[in-house]
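Participant: Just so you know, the sequences run in chain order A and B.
Counting in my numbering, the first sequence runs from 2 upward without gaps.
Counting in my numbering, the second sequence runs from 343 upward without gaps.
Keep in mind the hints are simulated off the structure, nothing from the lab.
Please read these numbers as outputs of a predicted model, since none were measured by experiment.
The C-beta atom is built at its ideal place from N, Cα and C for all residues, glycine as well.
Hints are supplied without guarantee of correctness; some may be wrong.
No farther apart than 20 Å at their CA atoms in a straight line, the calculated lysine to any residue pairs in the SDA-like style are these [to be verified]: (1) A:69 x A:214; (2) A:31 x B:401; (3) A:31 x A:179; (4) A:31 x B:427; (5) A:31 x B:434; (6) A:31 x A:42; (7) A:177 x A:98; (8) A:31 x B:354; (9) A:69 x B:391; (10) A:31 x B:430; (11) A:69 x A:154; (12) A:31 x A:177; (13) A:69 x B:400; (14) A:31 x B:422; (15) A:69 x A:169; (16) A:177 x A:110; (17) A:31 x A:186; (18) A:69 x A:147; (19) A:69 x B:428; (20) A:69 x B:401; (21) A:69 x A:213; (22) A:177 x A:105; (23) A:69 x A:113; (24) A:31 x B:400; (25) A:69 x B:427; (26) A:31 x B:360; (27) A:69 x A:186; (28) A:31 x A:193; (29) A:177 x A:81.
Some but not every residue of chain B turned toward chain A, in silico, with C-beta under 8 Å [what the hints assert, rightly or not]: (30) 355; (31) 359; (32) 380; (33) 385; (34) 398; (35) 399; (36) 405; (37) 434; (38) 446.
The primary structure of each chain is shown beneath.
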Amino acid sequence: MAIAAIAQEDPHRLRRLDASRAVHSGPASKRIVTGYGFWIFLLSDMVMFACFFATYAVLSGQTADGPKGAELFDLRSVAAETGCLLLSSFTCGLASIAADEREPILFQLAMALTCALGLAFLSLELREFIGLVDRGAGPTRSAFLTAFFTLVGCHGLHVSAGVLWLLTMMAQVIAKGFRADILRRVMCFALFWHALDIIWVAVFSVIYLIGAGK
Amino acid sequence: MSDHSLEPHATDVAPGDQGDGRVRTRILGYVVGLGLAVVLTATSFFIAGTDLVWQPSIALAIIVLAIAQMGVHLVFFLHITTGPDNTNNLMALAFGVLIVVLVIGGSLWIMANLNENMMPMDQIIQMQR
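This is chain A alone, in the form it adopts within the complex:
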C-alpha cells in the first residue's frame, strides 16, 4: 500500500535529491547490503577476467608455428553458444520476476529452462575443446592456445558453478519456499548469471570474431 502511495506522490522518487528533506532511517535493508556486497564480488571477478583478457591479447600472436585462431574457430558453434547464453539470461530474468511475484511453478519452469540452456552451452563448449585437443591444438601447443584455454575455460567453469548454484536454488525454493533469505540468494544468482553473459560478450567478440578474422 505504502509503495503505491509514494509512487503516486513522487513517481520519479526525486524527493530523495532534496537533501534538506531527506530522512535517513538507519542502516539499509539486508537485501540492499547483500546485493551490494555481491555486486562488488562480481566486479572483482570482472577484474580477474580482465587480467586473463590482457594475457590473451598479449599472447594471441605467439602461436609457436602452430595453428592460428582463424584455422581453429568454428563460428557457427560460437553463434549457437551465444544464443544459448543470451536466451538463458532472458529466462533467468523471468525467473527472478516469478520469484518476486511468489509464483513457484513459473519460477521452477524458468529456472529449468535456464539450466537446460546453460547445459547446452557447456556441452557445445566441451565439444569444441575436445575437438581442439584431438587436432593437436591443446593448451600445451602454444602460448596463444594456453591463454585461450585459460580464459574460455575459466568462463566455462563459472557457468558450471552457476548451473550448480541454479539447481541448489530450485531445491531450496521447493524445500523452504520464498523466504526473504532465499529470495536474496535468488537475486545474487541472477546477478551472477547476467554477469557471466556480459563476460561472454567480450569472449565471443575479442577471441572468436576478431580471432577468426586475423
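Starting from the known structure of chain A, arrange chain B on it as the hints suggest.
Facilitator: Leaving out everything else, chain B in the frame of chain A:
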C-alpha cells in the same frame, strides 16, 4: 511485507532490483534487452564474416558493438541506472571499469612497446652462442 520492497526513505536499491514493481513493465524490459542484444550480436557476427566493409575497421567495429552490448546487458538485465537510488552501484561499477581499462590498456601498451624495442628473438639466440 518482504524487506526488498521500496521503503519510503530508502535511498538505495540493490543491484539487479528494479524500482518499478509492475510485472508487465519488468517483462517488457527483459524483452527489449533481449531484442537489442540479439540485434547487436547478429551485427557483430555479420560484420566478422562479410567482405562488404573495409577490412581493417572490422576489429574496431566489433569492439564498439561489444561495448554497446555490455551496456545493454547492464541496463536491461542488471538494472544499473543513473538514478539517485543507484549511485553506489554505479560508483562501484565505474571503479571496476577503471581497473579493467588500466589492466588491459596498460598491458597492451607496455607489451607493444617492449616488442617494438626488443631485439628479434633469433638475434638474441645468436648472441648467446
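Participant: Could you work out which earlier hints the structure fails to respect and list their numbers in ascending sequence?
Facilitator: The structure breaks hints 2, 15, 19, 23, 24, 25, 27, 29, 33, 34 and 35; every other hint is satisfied.
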